[in-house]
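Engineer: The chain contents come next:
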Amino acid sequence: MPVDLLLIGVKAAIFLGIWLTLVPAMVLVERRLSAFMQDRLGPNRVGPFGIVQPIADALKFFFKEDVIPHHVDKALYLLAPAAILIPSLVTFSVIPLTEPFGFSLFGQDIHFKFQIADVSIGILFVFAVASLGVYGIVLGGWASNNKYSLLGGLRSSAQMISYEIAMGLAALSVLMMAGSLSIFDIIQMQIFNGETGKLFGVLPVSGWLIFHQPLAALIFIIAVFAETNRLPFDLPEAEQELVGGYHTEYGSMKFAAFFMAEYCNMVTGSALIIALFLGGWSTLFFDPWVAGLPVFFKIFVQFSVFMTKLIVVLFFFVVVRWTLPRFRYDQLMNLGWKVFFELALLNVVITAVVIGFMSVS
Amino acid sequence: MATSVKVLKRPKLNLLEQTYLPQVMAGLVTTFKHVPQVKDTVSYPEEKWIPRDGYRGLHRLNKDEDGRIKCVACEMCSSACPAHCITIEAEVSPWEDREKIPKRYDIDLLRCIFCGMCEEACPEDAIELTEIYDFCGYIREDFIADKDTLLHIYDLTADGNYYRDLERSQKLFFTGHKGAEDREVSPEYTRNLLKW
Chain V
-18 MPVDLLLIGV KAAIFLGIWL TLVPAMVLVE RRLSAFMQDR LGPNRVGPFG
32 IVQPIADALK FFFKEDVIPH HVDKALYLLA PAAILIPSLV TFSVIPLTEP
82 FGFSLFGQDI HFKFQIADVS IGILFVFAVA SLGVYGIVLG GWASNNKYSL
132 LGGLRSSAQM ISYEIAMGLA ALSVLMMAGS LSIFDIIQMQ IFNGETGKLF
182 GVLPVSGWLI FHQPLAALIF IIAVFAETNR LPFDLPEAEQ ELVGGYHTEY
232 GSMKFAAFFM AEYCNMVTGS ALIIALFLGG WSTLFFDPWV AGLPVFFKIF
282 VQFSVFMTKL IVVLFFFVVV RWTLPRFRYD QLMNLGWKVF FELALLNVVI
332 TAVVIGFMSV S
Chain U
14 MATSVKVLKR PKLNLLEQTY LPQVMAGLVT TFKHVPQVKD TVSYPEEKWI
64 PRDGYRGLHR LNKDEDGRIK CVACEMCSSA CPAHCITIEA EVSPWEDREK
114 IPKRYDIDLL RCIFCGMCEE ACPEDAIELT EIYDFCGYIR EDFIADKDTL
164 LHIYDLTADG NYYRDLERSQ KLFFTGHKGA EDREVSPEYT RNLLKW
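Protein chains in written order, with my numbering: chain V, -18 to 342; chain U, 14 to 209.
Check before you lean on any hint, since a few could be wrong.
[To be verified] Okay, the calculated bits of chain U under chain V, using three or more residues with CB under 8 Å as the criterion:
{"no.": "1", "stretch": "41 to 47"}
{"no.": "2", "stretch": "52 to 62"}
[As the list claims (entries may be wrong)] Mimicking EDC-like on lysine to aspartate or glutamate, the simulated pairs with C-alpha atoms at most 20 Å apart in a straight line are:
{"no.": "3", "chain 1": "U", "residue 1": "K160", "chain 2": "U", "residue 2": "D138"}
{"no.": "4", "chain 1": "U", "residue 1": "K113", "chain 2": "U", "residue 2": "D138"}
{"no.": "5", "chain 1": "U", "residue 1": "K116", "chain 2": "U", "residue 2": "D159"}
{"no.": "6", "chain 1": "U", "residue 1": "K52", "chain 2": "V", "residue 2": "D20"}
{"no.": "7", "chain 1": "U", "residue 1": "K76", "chain 2": "U", "residue 2": "E112"}
{"no.": "8", "chain 1": "U", "residue 1": "K83", "chain 2": "U", "residue 2": "D161"}
{"no.": "9", "chain 1": "V", "residue 1": "K279", "chain 2": "V", "residue 2": "D90"}
{"no.": "10", "chain 1": "U", "residue 1": "K76", "chain 2": "U", "residue 2": "D159"}
{"no.": "11", "chain 1": "U", "residue 1": "K83", "chain 2": "U", "residue 2": "E137"}
{"no.": "12", "chain 1": "U", "residue 1": "K52", "chain 2": "V", "residue 2": "E11"}
{"no.": "13", "chain 1": "U", "residue 1": "K116", "chain 2": "U", "residue 2": "D161"}
{"no.": "14", "chain 1": "U", "residue 1": "K113", "chain 2": "U", "residue 2": "E102"}
{"no.": "15", "chain 1": "U", "residue 1": "K46", "chain 2": "V", "residue 2": "D20"}
{"no.": "16", "chain 1": "U", "residue 1": "K46", "chain 2": "V", "residue 2": "E11"}
{"no.": "17", "chain 1": "U", "residue 1": "K61", "chain 2": "V", "residue 2": "D20"}
{"no.": "18", "chain 1": "V", "residue 1": "K319", "chain 2": "U", "residue 2": "E30"}
{"no.": "19", "chain 1": "U", "residue 1": "K76", "chain 2": "U", "residue 2": "E144"}
{"no.": "20", "chain 1": "U", "residue 1": "K76", "chain 2": "U", "residue 2": "E102"}
[What the hints assert, rightly or not] According to the in silico footprint, chain U covers these stretches of chain V (three or more CB under 8 Å from chain U):
{"no.": "21", "stretch": "18 to 24"}
{"no.": "22", "stretch": "295 to 305"}
Source of the hints: derived by calculation from the structure; they are not laboratory data. Since the model is a prediction, treat every value here as computed from it, not as a measurement. All C-beta atoms in this analysis are idealised placements derived from N, C-alpha and C, irrespective of residue type, glycine included.
Bound-form chain V, shown alone (with noise of 0.2 Å):
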């Protein structure tokens, strides 16, 4: 039982790291990389190449005066970042890194998944705390007695909830070709099916369900980003029309609770996708290769190829925030309502037809 408990904080420090060190980072990639993108410099003055700047960042937030604006609902106010930030860090904790293997520590064999908690509803229990979010992000504009802030979070809100249907419906496909709800399984099947070439028995290319389920893949990834919060969705904090949104009034450490959860979704988001469409630690091509090797090399690689994936993912966003202009707030609206959940719908029932089709022939 003890080692049981170790191996758990064991888990949750390196899941824990993971975060900690994926999100200064992408702090620091999105603002030297957009830099970059409009032909300037960014910051490159603190440390070499200006890698220091996040932590720089940080104690700024740590050392600055706490500020609770006098005309706040307290209670809230002080809620709302953690009910922000916590819901984006749960989510991460059901995501597999690598396959379960086994060893043995203190005379005790171990059967170790790469993975926090390994819920049997996975994906259901994602979408589940990950609707939460919204919560944390309403309660900041509601606590903070800011008509903008309020606009903020009534915008969050209704954006979030539109587009959460149209993610669980590109999802519903998935799950319906997979046949579990566990993640763990969904990749398992994506690297299955990639050694057997059998899926749909159409097309003899990679498990991946990005090549099976464009139209799916296409739908989630658009939805994490309304659901993230980043541009062209970034709606909530519409600088220009709402100053800063939600966390108008927020300053010091709880406005950088707000930013990194926003930050947090990311990675979060861009681990579902891979999980759920680019066949997690997956290589193309190399799996059955990969599958023979020694058992912890073939974790390191499978770790290392998820890692790789999900920061190409991060890098997308960064990118795609840094080229598309944000969306008027009826056309995000018409997008979710009239185009992705028809979309998603019409692609839950082509699936669902073909695998029909597929198991009676």
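Add chain U to chain V, keeping to what the hints say.
Structural biologist: Okay, now just chain U, sitting in the frame of chain V:
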């Protein structure tokens, strides 16, 4: 002749274009193309922007071929100055070819608007505006450029390479170049400040 009106038709989008995806991809490519491009940023203290010809920066008092001050203390510049920032006191010239030279020639750089009217007015081409834009000082008195300072600026900028010679421009030009220690804060100047 009647003006011919060219009717522009909104181009019809095909199905692929209606999804906006090709345009989004084209946008991503454009964004990416900018990443390796040469950046416009000038890393200021290490690199310095070189002003174009005719830039109106810090003033200088020119010297003639013999190294003497060109100014004849005619006060045309101080009359032309819209900001009243030039103060001239004349004395009898020690040389044959002119009657007066300035005993005192002060420019209050905090009052100066760098319009270049003094340069326009000068009959002797004695005062000129240079390309120096990053001068600084600690107290208000630092920003009164006196005759020696202005002649010193001529030495710095005579070859027109002030910013091309990085070592010269690395030392931020200090208008109170006499140094902070032996600086005198004249009560007269402070009084004048209050008066204006």
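Engineer: Decide, hint by hint, whether the structure agrees.
Structural biologist: Each hint tested on the structure:
Check on the stretch 41 to 47 of chain U: 5 of its residues sit with their Cβ under 8 Å from a Cβ of chain V, so the three-residue criterion for coverage holds. Coverage of the stretch 52 to 62 of chain U by chain V holds [criterion: at least 3 residues with CB-CB distance below 8 Å; count 4]. For the suggested pair K160/U and D138/U, the alpha carbons sit about 16 Å apart, so the restraint of at most 20 Å is met. Note on K113/U and D138/U: the hinted pairing holds, with a Cα-Cα distance of about 16 Å set against a maximum of 20 Å.
Our distance criterion of 20 Å between C-alpha atoms is met by K116/U and D159/U, whose separation comes to about 10 Å. Distance check on the hinted pair: K52/U and D20/V sit about 5 Å apart at the alpha-carbon level, within 20 Å; holds. Between K76/U and E112/U the CA atoms are separated by roughly 17 Å; this keeps the pair inside 20 Å, and the hint holds. This hinted pair checks out: K83/U and D161/U have alpha carbons roughly 13 Å apart, not beyond 20 Å.
For the suggested pair K279/V and D90/V, the alpha carbons sit about 19 Å apart, so the restraint of at most 20 Å is met. Proposed proximity of K76/U and D159/U is supported: the alpha carbons are some 15 Å apart, at most 20 Å. Annotation: proposed proximity of K83/U to E137/U holds, straight-line Cα distance about 7 Å (limit 20 Å). Note on K52/U and E11/V: the hinted pairing holds, with a Cα-Cα distance of about 17 Å set against a maximum of 20 Å.
The suggested pairing of K116/U with D161/U holds, with an alpha-carbon distance near 11 Å, which does not exceed 20 Å. In summary, the hint linking K113/U to E102/U is supported, as the alpha carbons are separated by about 10 Å, within the 20 Å threshold. With a C-alpha separation of about 10 Å, the suggested pairing of K46/U with D20/V holds against the 20 Å cut-off. Distance check on the hinted pair: K46/U and E11/V sit about 17 Å apart at the alpha-carbon level, within 20 Å; holds.
Of the pairs offered as hints, the one joining K61/U and D20/V holds, with about 18 Å between alpha carbons and a cut-off of 20 Å not exceeded. Annotation: proposed proximity of K319/V to E30/U holds, straight-line Cα distance about 18 Å (limit 20 Å). A hinted pair counts as satisfied when its Cα atoms are at most 20 Å apart, and K76/U with E144/U qualifies at roughly 17 Å. With a C-alpha separation of about 18 Å, the suggested pair K76/U and E102/U falls inside the 20 Å cut-off, and the hint holds.
With a cut-off of 8 Å between beta carbons, the stretch 18 to 24 of chain V has 5 residues touching chain U; three or more are needed, and the interface restraint holds. Check on the stretch 295 to 305 of chain V: 5 of its residues sit with their Cβ under 8 Å from a Cβ of chain U, so the three-residue criterion for coverage holds.
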